[in-house]
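Q: The residues making up each chain are set out below.
2 protein chains.
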Amino acid sequence: MASTEETPIRFGILGCAEIARKLSRAITLAPNADLYAVASRTIEKAKAFASSNGFPSHAKIYGSYDSLLDDPEIDVVYIPLPTSLHLHWAVLAAKKKKHILLEKPVALNASEFDTIVEACESNGVQLMDGTMWMHHPRTAAMREFLSDSNRFGQLKTVHTIFTFAADPDFLKNDIRVKPDLDALGALGDAGWYCIRSILWTANYELPKKAVAMPGAVFNDHGVIIACGASLHWEDGKVATFQCSFLSNMAMDITAVGSKGTLHVNDFVIPYQEHEAHFSAATESWFNELVTGWVPKPSKHIIAADLPQETRMVCEFSNLVRAIKKGSKPEKHWPTISRKTQLVIDAVKASVDKGFEPVEVGN
Amino acid sequence: MASTEETPIRFGILGCAEIARKLSRAITLAPNADLYAVASRTIEKAKAFASSNGFPSHAKIYGSYDSLLDDPEIDVVYIPLPTSLHLHWAVLAAKKKKHILLEKPVALNASEFDTIVEACESNGVQLMDGTMWMHHPRTAAMREFLSDSNRFGQLKTVHTIFTFAADPDFLKNDIRVKPDLDALGALGDAGWYCIRSILWTANYELPKKAVAMPGAVFNDHGVIIACGASLHWEDGKVATFQCSFLSNMAMDITAVGSKGTLHVNDFVIPYQEHEAHFSAATESWFNELVTGWVPKPSKHIIAADLPQETRMVCEFSNLVRAIKKGSKPEKHWPTISRKTQLVIDAVKASVDKGFEPVEVGN
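So the sequences go chain by chain: L and B. Count the first sequence with UniProt numbering and you get residues 1 to 362, in order. Count the second sequence with UniProt numbering and you get residues 1 to 362, in order.
These aren't lab readings, by the way, just hints derived from the structure by calculation. Keep in mind that this is a model prediction, so the values were computed, not measured. Do not take every clue at face value.
Any copy will do: because identical chains look the same in the list, a pair fits if it lies in one copy or spans two.
Computed list of lysine-lysine pairs in DSS-like fashion (alpha-carbon distance at most 27 Å, straight line) [what the hints assert, rightly or not]:
{"id": "1", "residue 1": "208", "residue 2": "328"}
{"id": "2", "residue 1": "324", "residue 2": "97"}
{"id": "3", "residue 1": "237", "residue 2": "209"}
{"id": "4", "residue 1": "328", "residue 2": "237"}
{"id": "5", "residue 1": "60", "residue 2": "95"}
{"id": "6", "residue 1": "178", "residue 2": "237"}
{"id": "7", "residue 1": "45", "residue 2": "172"}
{"id": "8", "residue 1": "237", "residue 2": "353"}
Produce the entire structure from the sequences given, and follow the hints as far as they go.
A: The structure is reproduced here in structure tokens:
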């Protein structure tokens, strides 16, 4: 709902995915955004979605994605469609001059994503992926720690994990296990967060090499439902990650530098909305008889005035407003989406080659 | 110091290593053990060690390791000597009918260790390695969680790390970086803890395969000062670890099962002596809009009445007392030492083969 003097940025949602419910609330809570329209393949489904997700009375309800894209009042489309549909709808949205908030994984591979980026660039629209935790104030606080040469030093190793134990219905029916909808499976879903967090930790320096680990699990259609990999940089930095639909929930970043250590155990979705914490240690050592730590790690608690997905919507809306006033689209966001996708592609290739090392593209 | 009615078990210490100071205190605090003797290669050094580490007035001071081993009053020898000396002194101690508390890594390789085990078995003496955290009451509490099929389920993945940023003097002069003293370097030191904790998590089931990660760091003498590896079981379980002398302190076990998640960030040396904690989660899921966790992980705080190394000394003394009364030596401890060494050997072989997968011996 708008609360500023400037006209709020109008969002249209393509499809009624489960995640779109969360985004609808996020847009409602964002002071500079307007929950303006939703489209589904049937108007009944779109109507039901709008009424159960607090759409305002002025909201437009569309029975096709095309008709939503043809609405000239809409500034932004949020695309939570299955990954295999991203190329078609994101390119079309760009051509219709819509700014695009695109769910992850952004595409089936980096080459597809490049086509989306080209469409956005040639039409002057902003592109950002829907990685919400990037926008939490905790993320900025952790970044400050990692960037501090006195407190963290040089990154040496990072381990990330995102797992959750999906129920039998998910494992049979969710779009994320269907080869024709989300062919990247757990790697494209949970693995996206692991890889993004590793790149974030490494200040977006791409690794040279990815090596998938033996033990990857596939469903009957050959879709990855659990896997891990290590990533390797020229300077010796090593990252490892595990992503899975088959293990209890875990969402860790453990980053160790020459001088400091960072731990966070709920990086994707904080335990609760109003605050989040992380642990940081600098120049930890033992006490005299090696029976304790000096100093102990410190716990940092970060208050969150708005949900992280609302902050994402706000930030995106600010970029769109700036473009309306003459700024160029911000390249940072599609650049880090692309790097994340490049690493996914390399890990997938390593899995396909029987866990051989694969060079990361650029 | 003894406080029970039975005669305390008499400990002799071979050498004045830094870690022996901690063990001297541990023996002093153990109600069933007596800090009875110390030997060094010079009697002056042994005297100075005894006087600065609270040895009782009745303690024996020896100017050679042989003379300590010849003292018939001594029940146990604690061997904190450089790894390359373990074979000689442990075998000799066993022949002298001394029970042996042996620092890690127990040997330069499993074959050497087998010779030590044979000497202990044929002389009827107890053998245990000095992995202190195994004896903390927290370890038993975490074991209970991991063994609970309802709270943790089946182990899927575990990541462990033990790193510390050694100073320039350590990196130049410590025995752990010398090829003739501790040829296994960081792998034998910090890596021992990582591998032991992985085996502990996996209920001591040996992995089939070890794959060292590119990025291992060696000193000028070819000794490993940082490395990582992944371990693979037939059922698909995967473990990863990182050990290093070049990164800030970290000591994590992150174990994820089909139903539960365990986190501990100070498993080797708890932050403080009097209590230690870990985090456990069971069947974690998201709240309705995926904006938080239900339930959140729970923090478990475990009080420690005695330091973990004192509990190790107590437990060892109890085993020795039982043997004096006719029991057989407990095979559990040398068995898990051997498994730890077997995995170290496989990781070392993988490093030497340019990070090729290596079968773990048995």
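Q: Now tell me, hint by hint, if it's right for this structure.
A: Here's how the hints hold up against the structure:
no.	hint	verdict
1	208 with 328	neither (31 Å within a copy, 55 Å between copies)
2	324 with 97	within (12 Å within a copy, 86 Å between copies)
3	237 with 209	both (11 Å within a copy, 23 Å between copies)
4	328 with 237	neither (35 Å within a copy, 48 Å between copies)
5	60 with 95	within (21 Å within a copy, 89 Å between copies)
6	178 with 237	between (34 Å within a copy, 24 Å between copies)
7	45 with 172	within (23 Å within a copy, 70 Å between copies)
8	237 with 353	both (23 Å within a copy, 20 Å between copies)
Going down the numbered hints, you'll see the structure goes against 1, 4, while the others check out.
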